[in-house]
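Undergrad: Got chain A sorted already, so can you dock chains B and C onto it with the hints?
Residue numbers (the UniProt record's numbering), protein chains in the order written: chain A, 1 to 211; chain B, 1 to 211; chain C, 1 to 211.
Please note that the accuracy of each hint is not assured.
As the list makes no split between identical chains, a pair holds if one copy fits it or if it spans any two.
In the EDC-like style, the derived pairs of lysine to aspartate or glutamate whose C-alpha atoms are separated by at most 16 Å in a straight line are [said to hold, decoys possible]:
1. LYS99 - GLU156
2. LYS99 - ASP201
3. LYS34 - GLU156
4. LYS99 - GLU148
If you are wondering where the hints come from, they were derived from the structure by calculation, not from laboratory data.
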Amino acid sequence: MVNDLIFPDILLYLLDMVGIIACAIAGTLLAQHKGFDIAGCILVSMVNAIGGGTLRDMALDRHPLFWMTDLNYVIVITVTSLILQIFFHLYHKIDNALKLFDAIGLAAFSVIGFKVALTQGMSPLIAIMMGVWTAIIGGMLRDIICNEIPLVLQREIYITASIAGSVTYLCLQYVGVSAGINEFIMLFVIFAVRMLALRFDWHLPSIRLVA
Amino acid sequence: MVNDLIFPDILLYLLDMVGIIACAIAGTLLAQHKGFDIAGCILVSMVNAIGGGTLRDMALDRHPLFWMTDLNYVIVITVTSLILQIFFHLYHKIDNALKLFDAIGLAAFSVIGFKVALTQGMSPLIAIMMGVWTAIIGGMLRDIICNEIPLVLQREIYITASIAGSVTYLCLQYVGVSAGINEFIMLFVIFAVRMLALRFDWHLPSIRLVA
Amino acid sequence: MVNDLIFPDILLYLLDMVGIIACAIAGTLLAQHKGFDIAGCILVSMVNAIGGGTLRDMALDRHPLFWMTDLNYVIVITVTSLILQIFFHLYHKIDNALKLFDAIGLAAFSVIGFKVALTQGMSPLIAIMMGVWTAIIGGMLRDIICNEIPLVLQREIYITASIAGSVTYLCLQYVGVSAGINEFIMLFVIFAVRMLALRFDWHLPSIRLVA
Chain A
1 MVNDLIFPDI LLYLLDMVGI IACAIAGTLL AQHKGFDIAG CILVSMVNAI
51 GGGTLRDMAL DRHPLFWMTD LNYVIVITVT SLILQIFFHL YHKIDNALKL
101 FDAIGLAAFS VIGFKVALTQ GMSPLIAIMM GVWTAIIGGM LRDIICNEIP
151 LVLQREIYIT ASIAGSVTYL CLQYVGVSAG INEFIMLFVI FAVRMLALRF
201 DWHLPSIRLV A
Chain B
1 MVNDLIFPDI LLYLLDMVGI IACAIAGTLL AQHKGFDIAG CILVSMVNAI
51 GGGTLRDMAL DRHPLFWMTD LNYVIVITVT SLILQIFFHL YHKIDNALKL
101 FDAIGLAAFS VIGFKVALTQ GMSPLIAIMM GVWTAIIGGM LRDIICNEIP
151 LVLQREIYIT ASIAGSVTYL CLQYVGVSAG INEFIMLFVI FAVRMLALRF
201 DWHLPSIRLV A
Chain C
1 MVNDLIFPDI LLYLLDMVGI IACAIAGTLL AQHKGFDIAG CILVSMVNAI
51 GGGTLRDMAL DRHPLFWMTD LNYVIVITVT SLILQIFFHL YHKIDNALKL
101 FDAIGLAAFS VIGFKVALTQ GMSPLIAIMM GVWTAIIGGM LRDIICNEIP
151 LVLQREIYIT ASIAGSVTYL CLQYVGVSAG INEFIMLFVI FAVRMLALRF
201 DWHLPSIRLV A
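So here's chain A without its partners, still in its complex pose (with noise of 0.2 Å):
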């Protein structure tokens, strides 16, 4: 996904790490709460961390896929899902940084989906819908593999921080801000909308003007 790293593509690259890493943890999480074995646990943690990218990808004809030509991803996923299961009992101490490195991921996938529909030609419509994509197609299919209801689309700002960020990104660019530090605004504006909206318990209403 990252061919020739230069900055801030290398700061980019570590967030998404953290974002990846933050899924993993999360889709481990629950594959155990159900019961899932060692290697039913991986293929949850990878479906949550790499799934939303896979599909973008195969929408978007990019081929080879991400994951296929930088291994990390698959390492890095393998491992964090492995020292999980082996020290699982950890986890009440880390609940408070997983709640961070998600929103780091979320801020750091967007970013990414949103570029990569841009580099390949697609109007900024369908880039603000390739950033919720590779935000939240992720962890959709972790609930839908699991049984139970996606927690995405329920009443917390995911798609709505994914898309301000993308939106100001469009803004400042008509203004005429360069993009290096545009998509630094970008992953900070989606990151403090994620933060704020789980400090102050934001969330996006269900709307009926009558009743």
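TA: Then chains B and C, alone, in the frame of chain A:
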């Protein structure tokens, strides 16, 4: 999906949009019932409306995907879903209209999927499958995301209507009917089978010759 | 999938078909249990039998998909599912045969997925994943559609058997065993591990070093 609009392609495009609207409505209704937020409802309505065509295009290696070049799809779905969410109380008045729209969508989606596969040089058997695929996968994915057993696989005439239309097309093509007229007939056959099935409560049995 | 049939490709093709039949039977049985109609049962049996290979080919950008050029797959699945639906009462006599077929399918699907990935120039790690993917995704999709928690992710030796076969292949390749013989050995290892696991009720534990 529709590049050079000549009649009857314009009609097919309009019927396609009717089907898209029906799917967006059905997706939003189920998502609301499950308590998803605004963004979640829009996402489920998108999956319902364009999920089948997306997987068909990915399977047939047609890139870019149809909704990436024609933004009408994404816009129509989003607007439909938002209007429905705001004026939800009107739903009870549109129940019968929804069934009609749904039947139109089944017919239009089947014809489009069938045509696309033939255009890509697939055999008739694969074309029949792609017609079914385009027509029902979206609703199946909607039900999977919402943790329901897919409605289209149960005792309802959906798949059968789509196959009946495709087989009619192939038979009439064999006796020399031109493609334009043949598409009309295929559309009508699928629509008629579906409406008659609803009217007279037809459904496919489970078969078992020997108890 | 099989273009120039030379031995042992013919054997592999036959074993593949045995696996396809086993998957079609398993899919039809679960779909019947869920009360799906004739068409729904056929669709679930197709997802079970060719779902894994379809996603593998889409991920590796191999087009057209294997079942689009070789219609035997679709025909064998449909006929198998129909025969089973008509003579359902015979099922109790085929339970043990099904487990045998299923193990043959696991072995054949793993070898095919593993070979295909290597042929596409993928690294060994990705090839191992593609072997697992081809062998288990179909059954996972079947369970997801039928709203069940995927069996293959639970305490059953499926993924492990597939990985054991792939690792054996890679080790023997390293010491110079020719590809033809090596494939036989890989097939046998997977089949043997699966049958032994069934016979002696082996399963992978959940690991946790510290309580």
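Undergrad: Could you run down the list of hints and mark each one as holding or not?
TA: Taking the hints in turn, this is what the structure says about them:
1. LYS99 - GLU156: Classified as within: same-chain Cα gap 13 Å, cross-chain 32 Å, threshold 16 Å.
2. LYS99 - ASP201: within (13 Å within a copy, 39 Å between copies)
3. LYS34 - GLU156: Answer is between: at 14 Å across copies they meet the 16 Å cutoff, but 23 Å inside does not.
4. LYS99 - GLU148: Neither: 20 Å inside a copy, 29 Å across copies.
In terms of the numbered hints stated before, the structure departs from hint 4 and from no other.
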